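Trainee: Chain by chain, the residues:
There are 2 protein chains.
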Amino acid sequence: MNRILIIGCGLIGSSVLRTVYKKKISRKIFILEKSKNNISKIKRLNLKCQVLKDFKNEVPKMDMIIFCTHLSNYEQALKKINKFLNKKTVITDVGSTKNLILKKIKKKLKKGVFWTSSHPIAGSEVSGPEFGDSNLFKNKWCVLIKEKSSNKKHLKKLNQFWKRIGCKIVIMNTKQHDHIFAITSHLPHLIAYNIVKTALDFEKKRKLNLIKFSAGGLRDFSRIAASNEIMWRDIFFSNQKNIILAINLFIKNLKALKRDISIKNSNKIIKKLIITKKVRKKIIQLKQDVNLPDFGRN
Amino acid sequence: MNRILIIGCGLIGSSVLRTVYKKKISRKIFILEKSKNNISKIKRLNLKCQVLKDFKNEVPKMDMIIFCTHLSNYEQALKKINKFLNKKTVITDVGSTKNLILKKIKKKLKKGVFWTSSHPIAGSEVSGPEFGDSNLFKNKWCVLIKEKSSNKKHLKKLNQFWKRIGCKIVIMNTKQHDHIFAITSHLPHLIAYNIVKTALDFEKKRKLNLIKFSAGGLRDFSRIAASNEIMWRDIFFSNQKNIILAINLFIKNLKALKRDISIKNSNKIIKKLIITKKVRKKIIQLKQDVNLPDFGRN
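In order, the protein sequence lines correspond to chains F and Y. The opening position of the first sequence corresponds to residue 1064 in our numbering, with each subsequent residue numbered one higher. The opening position of the second sequence corresponds to residue 1064 in our numbering, with each subsequent residue numbered one higher.
Just so you know, the hints here were simulated from the structure itself, not pulled from any lab data. The structure displayed is predicted, hence computed values, not measured ones. Glycine is no exception: its CB is placed at the ideal position from the N, C-alpha and C atoms. Keep in mind that the hints are not guaranteed to be accurate.
In silico BS3-like pairs for lysine-lysine, Cα to Cα no more than 27 Å straight-line [as the list claims (entries may be wrong)]:
hint, chain 1, residue 1, chain 2, residue 2
1, Y, Lys1327, F, Lys1315
2, Y, Lys1169, Y, Lys1085
3, Y, Lys1268, F, Lys1334
4, F, Lys1318, Y, Lys1169
5, Y, Lys1169, Y, Lys1220
6, F, Lys1270, Y, Lys1334
7, F, Lys1270, Y, Lys1203
8, F, Lys1341, Y, Lys1334
9, F, Lys1318, F, Lys1350
10, F, Lys1151, F, Lys1173
11, F, Lys1331, Y, Lys1097
12, F, Lys1216, F, Lys1142
Residues of chain F clear of chain Y, computed beta-carbon distances all greater than 10 Å [stated by the list, open to error]:
hint, residue
13, Arg1107
14, His1133
15, Phe1177
16, Lys1275
Input sequences plus hints: build the corresponding full structure.
Mentor: This is how it looks when you write it as structure tokens:
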């Protein structure tokens, strides 16, 4: 393609940028970035792109526009470019929730224009363009959202785009997406935040210095709990219903485990501890994690 | 020293063995191992040790005996050697809980003999002598349990021993130990098991194939949830009281987070998500984890 516009150039946006540049997917790369700090970082990093200035003339010529900004920034960013959009441009986003946000955004979107949503399952606990990586998406899943109203041509173009970026494609509707990621991603993040919060509370209450002994398990959770707070607030709020259901199921299971421990029900607890082990094996077979003890980190 | 006896030669026991051999800490290394499978692995791996056979003549001559077996095996193993023990031998263990198990074991222990407990904070999700590693303990904390009844000489010898193994030493009493590790290790493991269990339940209930999308967070928990089930049942049961308190505090905090999400309390949630980020920084400063995004695994 000739022109791509990346809106929001943090970890994900700058990784898209680097990959598009490296693989020569677009002749020109434009960015729209509201943080002056990020823009100066991008210049310092010498990332190959132009900061979008002439909205009126440039936006209508875009082949693809990709929202890589926080969910809570979508509306504000869309406002800037909405009246210059046209139906030929493939418009997509990389957001972690779909159902509510797409309903909201489509109400604002200029008539006749298409928004075809994506979600590459990639990222890490660090934020900002300096952590961007042209290999971030390699062999990762990318969910494409298909609905009745989806533009088939745009879906096909996005399919090709993400494949060139390095992803494997899977098609879902918004509801399936939000159900699945409530469990595989949103709940784990919430739980990680909560366990670190609980450790802090405990440290305060008992006046114990315990963080330095975190190598026994806590440190793993602390990595996820260091993820970007704006991103995660937005996710928790925009997938609220599914996350609350997941929390309820989680608490129900945790209370059952507590009961097993209270009454020392060995059979039940061993059974539970064995089935979870099989999940790890499956995850490694599916190449969703490295096959090394302790993530190979020591 | 001349003779060390390692009881239980799985991941931890065989790591002690390899380190003792590599650093020439003992002239002779004996092992007591009830699993025939482990013994044949140890032979195949050509680990430098002798399988203890002549209890009556060999046990009294040991300089050090180190229990590296599951907590629930302590009594049975002690029974075999108890009457041959003497007060000169430094007797220790590497168990993950202290208060209850030490009370129990000291009741069984031959009169006049000392048990001085240790806990090196090292391990991983894999089990068995084939995963042992002579670098496992390098720069890790080792807790030494000091009580009124502790033998000062033995404590000093253990201090020297674990330092030669590669550890940094910290002294605690049994209660401090069990409070701290309930939060930094036992609760995280329990939570990891519970989140994987919850994902499995959800997968079954909704007939969704979700494990393959675990890269968004779940995979981290699955590693810890793949830990040895006997070891963790024993820990949960023998630190029951503290773990139940930790679960209660965790559920209280999780319900508060659920409420924040329900009413979209942005300020409160952002505040919580920011303080947990600071813990990650502290953990890295304290060198309790690698300073690489995503554990450097990709």
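Trainee: Tell me the hint numbers this structure goes against, listed in increasing order.
Mentor: Of the numbered hints given earlier, those the structure breaks are 2, 4, 8, 9, 16, listed in rising order.
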